[in-house]
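Letter by letter, the chains look like this.
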Amino acid sequence: MFYKELFTHKSGGNLPQLVSAENENLQSRFVVQKILELREQGIPLEEMAVLFRSSFLSFDLEIELTKANIPFRKFGGFKFVETAHVKDMIAYLRVLENPRDVVSWNRILMLLDGVGPRTAEKVVDDILKRKITEPGSGGESLPSTKFWMQFNDYSDNIQKLFGTLKDVSSPNVTPGEKTYHILQYYEPILRARYDDHTKRKKDLDMFQNITERYKDIGSLLSDLALQPPNESIVDVESPGPEEEFLTLSTIHSAKGLEWNSVFIIYALEGRFPTMRSVASDEEIEEERRLMYVACTRAKENLMITYPMNIYDRESGMILTKPSRFIQGIGEKLLEPWVVE
Amino acid sequence: MKKFTLKPSANDTLQLVHPRTLTINYKQELNEAQYEAVTSVDGPHLVIAGAGTGKTRTIVYRVAYLVELGVKPDHILLLTFTRKAAQEMLRKAAILLDSRCENVSGGTFHSFANKVLRKYASLIGYEANFTILDQSDAEDVLSLIRARLKYDTKEKRFPRKEALYDLYSRSLNTLTPMKEILAVDYPQYLELESDIQTLHKAYEQYKKQHNLMDYDDLLVNLARLISQNEVVRGTLSDRYKYIMVDEYQDTNKVQAEIIALLAFKHRNVMVVGDDAQSIYAFRGSTIKNILSFPEEFADCKVIKLEENYRSTQPILNLANEILKRGSIHRK
Chain A
1 MFYKELFTHK
11 SGGNLPQLVS
21 AENENLQSRF
31 VVQKILELRE
41 QGIPLEEMAV
51 LFRSSFLSFD
61 LEIELTKANI
71 PFRKFGGFKF
81 VETAHVKDMI
91 AYLRVLENPR
101 DVVSWNRILM
111 LLDGVGPRTA
121 EKVVDDILKR
131 KITEPGSGGE
141 SLPSTKFWMQ
151 FNDYSDNIQK
161 LFGTLKDVSS
171 PNVTPGEKTY
181 HILQYYEPIL
191 RARYDDHTKR
201 KKDLDMFQNI
211 TERYKDIGSL
221 LSDLALQPPN
231 ESIVDVESPG
241 PEEEFLTLST
251 IHSAKGLEWN
261 SVFIIYALEG
271 RFPTMRSVAS
281 DEEIEEERRL
291 MYVACTRAKE
301 NLMITYPMNI
311 YDRESGMILT
321 KPSRFIQGIG
331 EKLLEPWVVE
Chain B
341 MKKFTLKPSA
351 NDTLQLVHPR
361 TLTINYKQEL
371 NEAQYEAVTS
381 VDGPHLVIAG
391 AGTGKTRTIV
401 YRVAYLVELG
411 VKPDHILLLT
421 FTRKAAQEML
431 RKAAILLDSR
441 CENVSGGTFH
451 SFANKVLRKY
461 ASLIGYEANF
471 TILDQSDAED
481 VLSLIRARLK
491 YDTKEKRFPR
501 KEALYDLYSR
511 SLNTLTPMKE
521 ILAVDYPQYL
531 ELESDIQTLH
541 KAYEQYKKQH
551 NLMDYDDLLV
561 NLARLISQNE
571 VVRGTLSDRY
581 KYIMVDEYQD
591 TNKVQAEIIA
601 LLAFKHRNVM
611 VVGDDAQSIY
621 AFRGSTIKNI
631 LSFPEEFADC
641 KVIKLEENYR
651 STQPILNLAN
661 EILKRGSIHR
671 K
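Protein sequence lines, in the order shown, are assigned to chains A and B. With our numbering applied, the first sequence covers 1 to 340. With our numbering applied, the second sequence covers 341 to 671.
Treat the hints with care, as some may be off.
Computed list of lysine-lysine pairs in DSS-like fashion (alpha-carbon distance at most 27 Å, straight line) [said to hold, decoys possible]: (1) A/Lys-10 <-> B/Lys-664; (2) B/Lys-455 <-> B/Lys-432; (3) B/Lys-490 <-> A/Lys-129; (4) B/Lys-432 <-> A/Lys-10; (5) A/Lys-160 <-> A/Lys-87; (6) A/Lys-255 <-> B/Lys-593; (7) B/Lys-548 <-> A/Lys-122; (8) A/Lys-122 <-> B/Lys-501.
Computed spacing ranges between beta-carbons, pair by pair [said to hold, decoys possible]: (9) B/Arg-623 <-> A/Ile-318: 28 to 36 Å; (10) B/Ser-462 <-> A/Thr-66: 53 to 61 Å; (11) A/Lys-10 <-> B/Gln-568: 49 to 57 Å; (12) B/Arg-623 <-> A/Lys-332: 31 to 39 Å; (13) A/Thr-198 <-> B/Glu-544: 38 to 46 Å; (14) A/Ala-279 <-> B/Lys-548: 38 to 46 Å; (15) A/Thr-198 <-> B/Glu-570: 44 to 52 Å; (16) A/Arg-130 <-> B/Asn-443: 27 to 35 Å; (17) A/Glu-314 <-> B/Gln-475: 22 to 30 Å; (18) B/Pro-634 <-> A/Ala-279: 25 to 33 Å.
Because the hints were derived from the structure by calculation, they are not lab data. C-beta atoms are modelled at their ideal positions from N, C-alpha and C, and glycine is treated no differently.
Next up, chain A with everything else stripped away, as it sits in the complex (with noise of 0.2 Å):
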């Protein structure tokens, strides 16, 4: 490592606390008063972090939170285009593009009903088969309107899958209003398909009021390809934009940001450390350096917290000891507290 030692020429400053509960829901509790306390104090819940090793470990924090009315979003979760609803329409507009594209072409077969993997799999080797393109002037292969007209044989609702996608395969058709076109046809399938389609809905306008921005197929795909939009409406519930929100986050998805205070709850050796990673030296400096990570996002308050007594399930251990990377730093750089 590059040895260097952190300074600021700011005065003042609280020492940061080490809070000890007895069990998880009394952490919970604690953060949730403590936010409240904060609060009151004039700093916004924008500006107010709780940081955890892993994602699950706020699940219970999250039910405290509800239950107190304090808005939060989560991050580290799943991300916008990895939700089903989302692929189904990038699928579309990649076959588009590219009709060769395999992947694609069973996803959106088998949301056809009847059409299963050995009715997908028959369609797409007719699809290879068929002659695609017609040559374009940049070496390019992109499909002719023909292309599209050739697979009259097959039942109704593929039929109507190649008549959308040939209704919508003119480069004169903007990415918007392919979405549009697309959307209209996909809707009977996604409210088929999923109890929560209301809510899966909001995704897809976001997906639309994207697809806006863009003017040709090709590009819109490689940025949804190498970086996803937004987190999804249906994974993270999130309050209207102008609604203040505490933010829950992985450390990992914390990198680079900053808050007036931080919370890292369960520095509890067996969680952060994680239990798998004590065997290995390097997985044990990746997670001091996790901590690291964690603590320097605050700006004015830390509050490192555990819970006492957790009975881990895998190991059949009882864990209650403080995480190593705290363990034993004394009480002039940390504060030691006990939640009653």
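Once you have looked at the hints, place chain B on chain A.
Positioned in the frame of chain A, the structure of chain B alone reads:
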């Protein structure tokens, strides 16, 4: 008087601008270490930027500085961890100096690879309109081939698609033989190594046949293209005369190789990062890249940013202490 030696290059030589005519007062707006990083121009540089030490600011000012010196914006390549980060930095540089900074080539390794590969696709047997598979797409393909090869019906249990993807991906990203990864993480499948290799070959073939690339292919194909094709390597190295890499602690072996190849003509590389914040080993990044940069680039200058603008001293004291208790030796 200090001398500024121009490297011999094909067409565009650096139009030297006298420091007095610079529009930004760099010395006043930056601390000493930041100033040193910003005004270091030629040759390899490693900037160790601690948490909250103004890393972004330093990169933004260096972009502006290079542009002010007369470096053509599109000769600067800025690679960042997210696309948003690059856009933000270039936007800030444009506000600081002028709109020329928006023409700097910026993005992630993957988006840069995508851009280059679309242009040279035919040289590696692809068409320019290839599809990019995300992880779950790639896993679907693997499970399809697994079934096609009838590995799913064998008596012995065969790894599932997730394990296969992880194995192939890590093998590529860390340049580690599959056998080694199997031995450490999936010893139960070690005896199936030859089948696993066969499936991998079929997967590679399938992607090529159908004009598909997974995330790893983007990087690996770029590395392959520029290591094997001298003309392309030369063209790119001439084009990107000043290379900057942000978050270097989270790059993987292939990415480090790409940087070395791109810089082979001029060695004008500034990598910025914090070894103490390297946290992505689980997906193939390696802290070794940043730690061994001074050995890879022997005459490299190391600059450390240690003044923190974010936290109070008590918080920094704790953070410093946590690192100090680590077991890795220090430079």
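Evaluated hints:
Distance restraint check for A/Lys-10 and B/Lys-664: the Cα-Cα separation of roughly 22 Å lies within the 27 Å cut-off, and the hinted pair is therefore satisfied. With a C-alpha separation of about 23 Å, the suggested pairing of B/Lys-455 with B/Lys-432 holds against the 27 Å cut-off. Straight-line distance between C-alpha atoms of B/Lys-490 and A/Lys-129 comes to about 24 Å, which keeps the hinted pair within the 27 Å bound. Between B/Lys-432 and A/Lys-10, the direct Cα distance comes to roughly 25 Å. Compliance with the 27 Å bound is thereby established for this hinted pair.
This hinted pair checks out: A/Lys-160 and A/Lys-87 have alpha carbons roughly 20 Å apart, not beyond 27 Å. Proposed proximity of A/Lys-255 and B/Lys-593 is supported: the alpha carbons are some 21 Å apart, at most 27 Å. The straight-line distance between the Cα atoms of B/Lys-548 and A/Lys-122 is roughly 21 Å, inside the 27 Å bound, and the hint therefore holds. Between A/Lys-122 and B/Lys-501 the CA atoms are separated by roughly 23 Å; this keeps the pair inside 27 Å, and the hint holds.
At about 32 Å, the CB distance of B/Arg-623 to A/Ile-318 agrees with the hint of 28 to 36 Å. The hint said 53 to 61 Å for the Cβ distance between B/Ser-462 and A/Thr-66, and at roughly 55 Å that hint holds. The hint said 49 to 57 Å for the Cβ distance between A/Lys-10 and B/Gln-568, and at roughly 52 Å that hint holds. A hinted range of 31 to 39 Å for the beta carbons of B/Arg-623 and A/Lys-332 is consistent with their spacing of about 38 Å.
With their beta carbons about 42 Å apart, A/Thr-198 and B/Glu-544 fall inside the hinted range of 38 to 46 Å. Separation of A/Ala-279 from B/Lys-548 is about 39 Å and conforms to the stated range, judged on CB atoms against 38 to 46 Å. As the Cβ distance of A/Thr-198 to B/Glu-570 is approximately 57 Å, the hint placing it in 44 to 52 Å is violated. For A/Arg-130 and B/Asn-443, the hinted distance range of 27 to 35 Å is not satisfied, since their beta carbons lie about 43 Å from each other.
For the pair A/Glu-314 and B/Gln-475, the supplied restraint of 22 to 30 Å holds, since their beta-carbon distance comes to about 26 Å. Take B/Pro-634 and A/Ala-279: their Cβ atoms lie about 31 Å apart, and the range 25 to 33 Å holds.
The structure fails hints 15 and 16 (numbered hints given earlier, in ascending order).
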